[in-house]
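Kindly produce the complete structure, drawing on both the sequences and the hints.
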Amino acid sequence: MTPPTDKPRLSREHMLGLLKQMIRIRRFEAKCAELYTQEKIRGFMHLYDGEEAVAVGVIPVLEKRDRIVATYREHGHALVRGVPMTTVLAEMYGKQDGCSRGRGGSMHLFDRATNFYGGNAIVGGGLPTAVGLALADRMRGDDSITACFFGEGAVAEGEFHESLNLAALWGLPVLFVCENNLYAMGTALAISESETNIQRKAACYQIASEAVDGMDVIAVEAAARRAVQAVRETRKPYFLECRTYRLRAHSMFDAQLYRDKAEVEVWRHKEPIVRYQGWLEANHLIHPEDLARMESEVAAEIAEAVAFGEAGTWEPVEQLTRFTYAEAAAQADR
Amino acid sequence: MPQEMIHPGTTELTYRDAVREAIRDAMRRDDRVFLMGEDVGRYGGCYAVSKGLLAEFGPERIRDTPLSESGFTGAGIGAAMAGMRPIVELMTVNFSLLALDQIFNSAVTVRHMSGNQFGVPLVIRMATGAGRQLAAQHSHSLEGWYAHIPGIKVLAPATVEDARGMLWMALQDPDPALIFENVMLYNMTGKLAADAGPVNIDKAAVRRPGRDISLITYGGSLWKTLEAATVLAGENIDAEVIDLRSLRPLDDATIMTSVARTRRAIIVDEGWRSGSLSAEIGMRMVEQVFWELDAPIGRVCSAEVPIPYARHLENAAIPQVPNIVAAAKAVFGRA
Amino acid sequence: MPSLGADMEAGTLVEWLVKPGDRVKPGDIVAVVETQKGAIEIEIFEAGKIEQLLVGVDTKVPVGTPLARIQTEPEGPPGAVAAAPPPAAPAVPLATPPLVRAPVTPPSPPPVSPAAAARARVSPAARRLAEACGIDLSTVSGSGPAGAIVYADVERRLGEAVAPPERKRAPGLDLDAMRSAIAAAMARSKREIPHYYLAHDVDVTACVQWLTRTNAARPPDDRLLIGALAIKALALAARRFPAFNGFYRDGKFEPASAVHVGVAIAIRGGGLAAPALHQADRTSVDELMARMRDLVQRTRAGRIRSSEFSDPTITVTSLGERGVETLYGIIYPPQVAIVGIGKMVTRPWVIDGAIGPRSVVTITLSADHRVSDGHAGALFLAEIGRLLQEPDKL
Chain D
1 MTPPTDKPRL SREHMLGLLK QMIRIRRFEA KCAELYTQEK IRGFMHLYDG
51 EEAVAVGVIP VLEKRDRIVA TYREHGHALV RGVPMTTVLA EMYGKQDGCS
101 RGRGGSMHLF DRATNFYGGN AIVGGGLPTA VGLALADRMR GDDSITACFF
151 GEGAVAEGEF HESLNLAALW GLPVLFVCEN NLYAMGTALA ISESETNIQR
201 KAACYQIASE AVDGMDVIAV EAAARRAVQA VRETRKPYFL ECRTYRLRAH
251 SMFDAQLYRD KAEVEVWRHK EPIVRYQGWL EANHLIHPED LARMESEVAA
301 EIAEAVAFGE AGTWEPVEQL TRFTYAEAAA QADR
Chain W
1 MPQEMIHPGT TELTYRDAVR EAIRDAMRRD DRVFLMGEDV GRYGGCYAVS
51 KGLLAEFGPE RIRDTPLSES GFTGAGIGAA MAGMRPIVEL MTVNFSLLAL
101 DQIFNSAVTV RHMSGNQFGV PLVIRMATGA GRQLAAQHSH SLEGWYAHIP
151 GIKVLAPATV EDARGMLWMA LQDPDPALIF ENVMLYNMTG KLAADAGPVN
201 IDKAAVRRPG RDISLITYGG SLWKTLEAAT VLAGENIDAE VIDLRSLRPL
251 DDATIMTSVA RTRRAIIVDE GWRSGSLSAE IGMRMVEQVF WELDAPIGRV
301 CSAEVPIPYA RHLENAAIPQ VPNIVAAAKA VFGRA
Chain E
1 MPSLGADMEA GTLVEWLVKP GDRVKPGDIV AVVETQKGAI EIEIFEAGKI
51 EQLLVGVDTK VPVGTPLARI QTEPEGPPGA VAAAPPPAAP AVPLATPPLV
101 RAPVTPPSPP PVSPAAAARA RVSPAARRLA EACGIDLSTV SGSGPAGAIV
151 YADVERRLGE AVAPPERKRA PGLDLDAMRS AIAAAMARSK REIPHYYLAH
201 DVDVTACVQW LTRTNAARPP DDRLLIGALA IKALALAARR FPAFNGFYRD
251 GKFEPASAVH VGVAIAIRGG GLAAPALHQA DRTSVDELMA RMRDLVQRTR
301 AGRIRSSEFS DPTITVTSLG ERGVETLYGI IYPPQVAIVG IGKMVTRPWV
351 IDGAIGPRSV VTITLSADHR VSDGHAGALF LAEIGRLLQE PDKL
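Chains D, W and E supply the protein sequences, listed in that same order.
For the first sequence, the numbering used here begins at 1 and goes up steadily by one.
For the second sequence, the numbering used here begins at 1 and goes up steadily by one.
For the third sequence, the numbering used here begins at 1 and goes up steadily by one.
Heads up, some of the hints might be wrong.
[As the list claims (entries may be wrong)] Chain E regions said to be covered by chain W (calculated; three or more residues, Cβ under 8 angstroms): (1) 122 to 132; (2) 145 to 158.
[Stated by the list, open to error] Listed below are several chain W residues computed to face chain D (Cβ distance under 7 angstroms; list not exhaustive): (3) L53; (4) A55; (5) H112; (6) N116; (7) H148; (8) A330.
Please keep in mind that the hints were generated in silico from the structure rather than gathered at the bench.
Backbone N, C-alpha and C define an ideal beta-carbon position, used for all residues, glycine too.
Shown next, in the form of C-alpha cells:
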C-alpha cells in the first residue's frame with residue numbers, strides 16, 4: 001500500500017471517504033445484479049467489481065467544471081461524480097425519472113449537471129468525443145480538462161490512435177485513463193496486443209504517461225493528482241494506465257470460459273476494498289463502528305434508490321419519438 | 001432584360017465560391033464556428049472550397065487534420081457538445097464511411113440516449129457524386145443512406161443560392177446536419193444577389209413549374225432534370241421540376257401537392273435504386289397520393305454497379321438527360 | 001382491314017391492343033379502327049401469335065389490307081413453339097461513348113394474367129374521380145398508355161355529362177363521318193327500297209303487370225324494361241317470319257340463319273348507330289336487358305365490336321322515351337325490315353264489351369316490298385303482339 005505520508009494533506013475523513021465510495025459502488029452493483037436476476041433491470045449490464053479504486057481514485061481529483069467521458073461500465077464513475085444513485089437506478093429500471101429519462105439504460109448514463117458525457121457503448125467511441133470537448137475548451141481558452149475512461153480493449157481500435165494523435169498534435173487537455181483489466185470481454189490482453197505494456201503506446205504520440213496499480217486507491221489518487229495537475233498546467237494530454245482486474249463476469253450473461261477460477265482467486269486477494277480496509281485497520285485509521293455506520297448509510301441510500309426506481313414512471317408510449325431532434329426547450333438550453 | 005438591371009447588386013460566382021462565402025460569413029458572424037478537415041488549410045481544400053480562408057482566420061479556426069476521419073469527426077462532435085459550432089469537412093462521401101461510427105453511434109444518438117441533455121450542433125460537409133472519372137472509391141452518392149437515419153438533417157444544395165445560404169441555417173440547427181455538395185457543381189456559375197444570405201432548409205423548391213408530370217430530384221441531377229424538362233417541352237410534355245433541397249426531413253407537402261396536380265411523377269436520384277431515397281419518395285407517394293395518380297411512378301437512378309472509371313461507362317452509370325426524357329415519356333406510354 | 005359494312009371502303013387504324021409476340025385467341029380484341037361509323041374494335045378469329053404489325057397507328061388503309069401477320073399454331077404445349085430470336089445486342093460505337101441505356105427502366109407493365117387482361121386499365125386518379133361523380137368507367141375511353149383511362153378522360157366525360165355541348169365529339173367517334181355514312185345509307189335506302197308501312201296497337205298491360213311483379217324483388221340495376229320484352233318478342237316473331245330477317249343483295253333476298261337484332265342508339269352530338277344483339281331469339285330476357293345496357297354504354301363511348309356493327313339482320317327503333325307514340329323507321333340496307341316501338345300510353349280500351357284503362361304501345365313495321373307484302377307484314381306484327389300477351393313465356 002502506498003504510504004499515506006506521500007499525501008500529507010490526506011485527512012482521516014478523506015481516507016474514510018475513499019473507502020465509503022468504493023463500498024458504495026460495490027454494494028450498489030450487488031443490488032443491481034440482484035435486481036437484474038429479478039428482471040427489474042434488463043439489457044446489457046456490466047459491473048465494476050474489483051475496479052472501483054480507479055473511478056474513486058481519479059474522479060474526486062477533478063474539478064466540477066471538468067468533463068468526464070466514460071464507457072458502458074460506468075455506474076461507479078457516475079456515482080462518484082455525483083450523479084444521484086436514485087436517478088442512476090431509475091435509469092436502469094427504464095423509468096423516465098432516470099438520469100437519461102430511461103432512453104439510455106445501464107450503458108448510457110448521462111448527466112449534464114455534473115458534466116458527465118455518458119456511458120459510451122462503442123469501444124473506443126468516446127475518445128474522439130473527449131478530444132472534441134477538450135478542443136472546445138482550448139479554443140475558448142477555458143481551463144477545464146476532460147477525463148476520458150476506456151478499457152485496454154479500446155487500445156486496439158483505430159479511434160484510440162487517432163484520438164491520442166489529435167490530442168497531442170493540437171495540445172488538448174485530455175486525461176486519458178486506461179482501465180486495464182486484462183480482458184476485452186473474453187479476449188486476454190496478451191492475445192490482442194503485440195505490445196502489452198499499454199502505457200508505452202502513449203510515448204508514440206509524445207504523450208506523458210504513467211502506469212499505476214489500479215487496485216490501490218491511494219496510489220491511483222496520487223497518480224491522478226499528478227496527472228490532472230500536469231494536464232491543467234501544460235494544457236497537454238496525459239496518459240494514465242490503471243492496472244486492475246474485473247472480478248465479476250464481463251456482463252451478466254458470461255460463463256467466463258476464458259479464464260481460470262484460480263486466476264480470479266489470486267486477484268480477489270488484491271481487490272481494492274479488502275486491501276484498503278485492511279490497511280486502514282492495520283494503521284488504526286478506522287474503527288468497527290465507522291465501518292458499520294458506513295455500511296448502514298450505504299444500505300439506506302441503496303434502499304432509497306430502489307424505492308425511487310420502483311416508484312418511477314414509465315414514459316408514455318405517445319412520447320416515443322421525442323428526443324430524436326431538439327425541442328424548443330433544448331434549443332434554449334444550448 | 002439583363003439580370004443586372006433587375007438586381008443591381010447581383011454578382012456572378014461559382015458554386016465553390018458560394019460555399020466559401022458561406023463559410024467565411026459564418027466564421028465572421030460567430031466565433032464559435034470553425035472549419036476542420038483534411039487539407040482544408042494550407043492546401044486550400046481538396047476542391048479548393050476553403051482556399052484563402054487560412055490566411056484570414058488562422059490555423060486554429062481553419063484546422064488541418066491528419067487522415068483520421070473518425071477522430072476528427074468525433075472531435076467535432078465533442079466540440080459541438082461543449083458549445084462550439086464546428087464545420088467538419090470530409091473530402092468525399094466515400095471517406096465519410098471511415099467516420100460512420102462517430103456520425104451514427106455518437107452524433108445521432110447522443111441527444112436521445114442522454115434523454116435530451118446533450119445535443120450535437122455539428123455541420124458535416126462532404127463532396128458527393130460521380131462525373132469526374134474518380135472511379136469506385138470517390139464517386140458515390142450515399143446521401144440516401146444518411147437520409148435513412150433519424151436524428152440528423154441531410155441537405156443537398158443544388159444552386160449557388162443554396163450553397164451560399166444553407167450553411168448558416170445548418171449551423172443554427174441544434175442537431176447534426178450533413179451537407180452534400182455534388183462535385184459536378186463546384187465549377188458551375190450562377191448569379192447571386194450581393195446581399196444574399198441564409199435560406200430556409202425545410203422546403204423543397206419548384207425550380208420549373210409544369211402541368212403534366214413532376215420530376216423530383218436534388219443536387220447534381222437538378223440541372224440534368226431541368227434540361228430534360230426543356231426537351232420534354234418540345235414534345236408537348238410540360239414537366240414540373242422539384243428540387244428536394246432537404247433529403248431529411250423530406251418536404252412531403254411540396255412533393256405531394258405537385259404530384260397531386262400533375263398526377264405523374266419521376267424521381268431522379270444519383271443514388272442506387274435498391275433500398276434508396278427514390279424508393280422512399282415513391283412509397284410516400286403511394287401512401288399519400290395514390291388516388292391522385294394517373295400512371296405508375298417512375299425512377300431514374302444509378303446503375304447497380306460501383307462507379308467505373310472509363311468515361312463512357314461512368315456516364316452510362318448515372319442519370320443523364322436522355323434517360324430522364326425517356327422515363328418521363330414512358331409514363332405517357334410514349335417511346 | 002376487315003370490311004365492317006357494305007359501304008366501308010377504308011379504315012384508319014387508331015390503336016393496337018396487341019404487340020408482336022402476344023398470343024391471341026378467337027374473340028380477342030386486337031385493334032381499334034376508326035371508320036366513318038366510329039371507332040370499332042377489331043376481333044380476331046384465329047388462334048396464334050402476333051408475328052408482326054403491318055400497319056402503324058393513325059394509318060388509313062383500304063379494306064382488305066393486311067393489318068398484322070399472325071403465326072397460327074396447333075394447340076400444344078408452350079414448349080413446342082419456337083422462341084423468338086433474342087434482340088441483337090446494341091453495338092457499342094467506338095468513337096463516341098454511348099449515352100446510357102442501362103439505368104433507365106421505364107415503368108414496365110406488370111405481368112398480365114389472363115384474368116387481368118380483360119380488365120380495362122384505369123389510373124387510381126381516374127377511378128376515384130369516376131366513383132365520386134358516378135361515372136360508369138365503361139363509358140369512358142382511355143387516352144393513357146395501352147388505352148388506360150386517366151383522370152383527364154373522366155374529366156372530359158364528366159364535362160359531357162354535365163353540359164352536353166351539341167358539337168362535342170363523343171370519344172372515339174367522328175360524328176361528321178358518321179353523319180356522312182347515315183346520309184349515304186338512308187339515301188340509298190329511300191332510293192332503292194320500296195318501303196311499305198304498317199302500324200299495330202298492342203295492349204301490353206300483361207307485360208306491365210309482369211314487370212311490376214318481377215322487378216319488385218330486384219335492385220334497380222337488375223330491373224327489366226319493357227323494351228327487352230319487345231325485342232325478345234320481335235326476335236321470336238322474326239324467326240317465324242323469315243321474310244323480315246335477312247339481307248337483300250344483288251337482286252335477291254337471303255334469309256338469315258340467326259336473328260341478330262340491331263338496336264338503333266342515338267349518340268350525343270348527332271350520331272346514330274345500330275349495333276346488334278346477337279341471337280336475340282335465343283337469349284333470355286334478363287340477358288338481353290344486360291346486353292342492351294352494355295351496348296348502349298359502349299356505343300356512346302365509341303367502342304363497338306366489328307361484328308356487332310356489321311351483322312344485324314333486322315333493326316328495332318324506338319323514340320318512346322322522347323314521347324313519340326308512332327314512328328316509321330327507314331330500313332338500313334341491306335336489311336329488309338325495321339320495327340318501330342312507340343311510347344307506352346294508357347288508353348281507354350274495350351275488353352269483353354267493357355271499357356277500361358289499358359297500357360298500349362303502337363308497334364310499326366317498315367318493310368321491303370321487294371321481299372314481302374303487307375299481308376305478311378300484318379301477320380308478323382300480330383305475332384309480336386300475341387307474344388307480348390304472355391310475357392312469362394318470353
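The hints, checked one at a time:
1. 122 to 132: Contact hint for the stretch 122 to 132 of chain E vs chain W: holds, 6 residues under 8 angstroms.
2. 145 to 158: holds (count 6)
3. L53: The hint is violated - W/L53 has no Cβ within 7 angstroms of chain D, the shortest such distance being about 16 angstroms.
4. A55: 19 angstroms, violated
5. H112: 5 angstroms, holds
6. N116: Holds, about 4 angstroms.
7. H148: 13 angstroms, violated
8. A330: 38 angstroms, violated
Comparing the model with each earlier hint shows violations of hints 3, 4, 7, 8; every other hint is respected.
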